[in-house]
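These protein sequence lines are chains A and B, in that order.
Counting the first sequence from 1 gives a position; this note's numbering is that position plus 301.
Counting the second sequence from 1 gives a position; this note's numbering is that position plus 466.
Treat the hints as calculated values from the structure; they're not laboratory data.
Note that the structure is predicted; figures quoted are calculated from it, not measured.
Ideal Cβ positions, reconstructed from N, Cα and C, are used throughout, including at glycine.
One should not assume that every hint holds.
[Claimed, not checked] Computed beta-carbon distance windows for the label pairs:
hint, chain 1, residue 1, chain 2, residue 2, range
1, A, W449, B, H595, 36 to 42 Å
2, B, P483, A, V497, 19 to 25 Å
3, A, Q443, B, L494, 19 to 25 Å
4, A, N559, B, P659, 46 to 52 Å
5, B, F558, A, A494, 31 to 37 Å
6, A, R362, B, G601, 40 to 46 Å
7, B, G560, A, V497, 49 to 55 Å
8, A, V497, B, L650, 29 to 35 Å
9, B, V722, A, Y561, 18 to 24 Å
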Amino acid sequence: MAAVIAGLPSGDRGGAAARVPDAGARSEPAWVRYGVIGVGTAFFVVFLLLPLLAVFAEAFRKGAAAYFAAFANSDTMGAIGLTLVAAAIAVPLNTLFGVVAAWTLAKFEFRGKNILLTLIDLPFSVSPVVAGLIYVLVFGAQGWLGPWLIDHGIRIIFAVPGIVLATVFVTFPFVVRELVPLMQAQGCEEEEAARVLGASGWQMFRRVTLPNVKWGLLYGVTLCNARAMGEFGAVSVVSGHIRGQTNTIPLQVEILYNDYNMVAAFALASLLAFLALITLVAKNWIEARAAAEDLKRNQS
Amino acid sequence: MSGAKSRSSNVLPGFGPGLGFTLAYLALIVLIPLSAVVIKASHLGFSGFWTVVTSPRVLASYRLTFGLSIVAAAINLVFGLALAWAVTRYRFPGRRLIDALIDLPFALPTAVAGIALTALYSKNGWLGHWLESIGIQIAFRPAGILVAMIFIGLPFVVRTVQPVLQDLDAEAEEAAASLGAGRLPTFVRIILPTLSPALFTGFALAFGRAIGEYGSVIFIAGNIPMVSEITPLLIVTKLEQYDYTGATAIAASMLVVSFALLGTINGLQSWSARRTGAVG
């Protein structure tokens, strides 16, 4: 269930194919069936499919030339660059944390473990705006460290470090939340065997632990990256919106949109929509791979 | 942490450094910055805090945010269940596409969702111009906020209900049928009680997400104070006016609600685990 909070949940690993509805006792009359399918599908089309299609339709409203021209803008290219930088720092940091924390939480018993798990989830239950605000309160001009930072000529808020910090905060739990249940299910026996056979800690991790959780890890990193590149609220609070300098892609989308530069706004947004689609494809691919490997392991 | 021990023996390495790193990183990134809100808000004193969070504009934003979040979560509860049911129990063309795209609101950045929904529901949008002709306005009205909240909350309900629906015990349903129970009584008496912890959890998750949501809402909301201004936007507005204390007080009040919800959701999940464990 934690995976649901984490974002894209693990869904039906291999279970779906097995459960074709049986006739008779467990099926509804045809009118109910078509009714449920109709209502569900209509809801899906109106609330999910149409917004997605609208992004691309608006982006290409004035043709492909206008679409590509939207990217020939130094502020937009700057925003793309800053988004890549923020993700390139936040994702590896949270991946390292996720692996270490999941190892500690899944393989050892200690007091306060459940509290620690809940605390790790906190960034998911905090409004993005509040996530930005907390860094303003610590690093802003009026904040705890503000005077000291000003004396030393260091800018964090309304500058790139603040954007990176806010991104780290909102993507904090993704990797650890994917790994903990997986590592717990795996148990400790394989690792203990490796240790008894003389493997060093690093060898054990690389040869035993990592292969066992690789799909979950990949999935967590994918989600973490999607959120890192797409975060809006938290980054918006700490950014200061300096064009070409402290705007990430989502912030640049907002600026273009508010300038009534619709084609450019949606063209840039379509990059993020495309990233979202890749994330969903990766999710389904990873789930299929994980299910196939589970099946193989159970058969052997 | 002297009480620590490995599950079966102490041969696994890394507990000490692992826990140390985890706690240090957690404290630096999450706990210390979050405590800044509590400490800054406490400088106000209780009466000062109370004056800020009960001012008319803040109260109006609470009413709007919490009211619409409940309505959006309720709508998602009903239609999310229908969608989860259709996708898990029936086979129909497009089922796999729908199942894969249900997570879109998790993956699509909120700002993109915001401008897409606004384009869709504004006067010349695909849905907006059609709704306009029958006299309904969505964009730049509170109804627009509702639409955005439905969008971002939908997967929470579907994805919490789906696994329970999949693992539902066929025997209980078949037994009910063989004892002569119709499909509707079986649904009400057998299926719904089993699903209810998951449904409540999905509702609480969707609600929690909606009250904090910012990006997808502000584009479509219209953002008129007292009418269509959500609480997170009010925090941003206060910040832009350099009213840090005011912003922090409102943020603290939202944190209290978030933590209460987190506790509720944890409780619901252990209830759900017990319920499905007992059945499955």
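Hints versus structure:
Remark: the range hint 36 to 42 Å for W449 (chain A) to H595 (chain B) is contradicted by a beta-carbon distance near 56 Å. For P483 (chain B) and V497 (chain A), the hinted distance range of 19 to 25 Å is satisfied, since their beta carbons lie about 21 Å from each other. Remark: the range hint 19 to 25 Å for Q443 (chain A) to L494 (chain B) is upheld by a beta-carbon distance near 21 Å. The hint said 46 to 52 Å for the Cβ distance between N559 (chain A) and P659 (chain B), and at roughly 49 Å that hint holds.
The hinted range of 31 to 37 Å is not satisfied by F558 (chain B) and A494 (chain A), whose Cβ atoms lie roughly 48 Å apart. Between R362 (chain A) and G601 (chain B) the beta carbons are some 27 Å apart, a value that contradicts the proposed interval 40 to 46 Å. A C-beta distance of roughly 52 Å is found between G560 (chain B) and V497 (chain A), which places it inside the suggested range of 49 to 55 Å. Between V497 (chain A) and L650 (chain B) the beta carbon distance is about 59 Å. The supplied range of 29 to 35 Å is therefore violated.
The hint said 18 to 24 Å for the Cβ distance between V722 (chain B) and Y561 (chain A), and at roughly 39 Å that hint is violated.
When held up to the earlier numbered hints, the structure conflicts with 1, 5, 6, 8 and 9 and fits the remainder.
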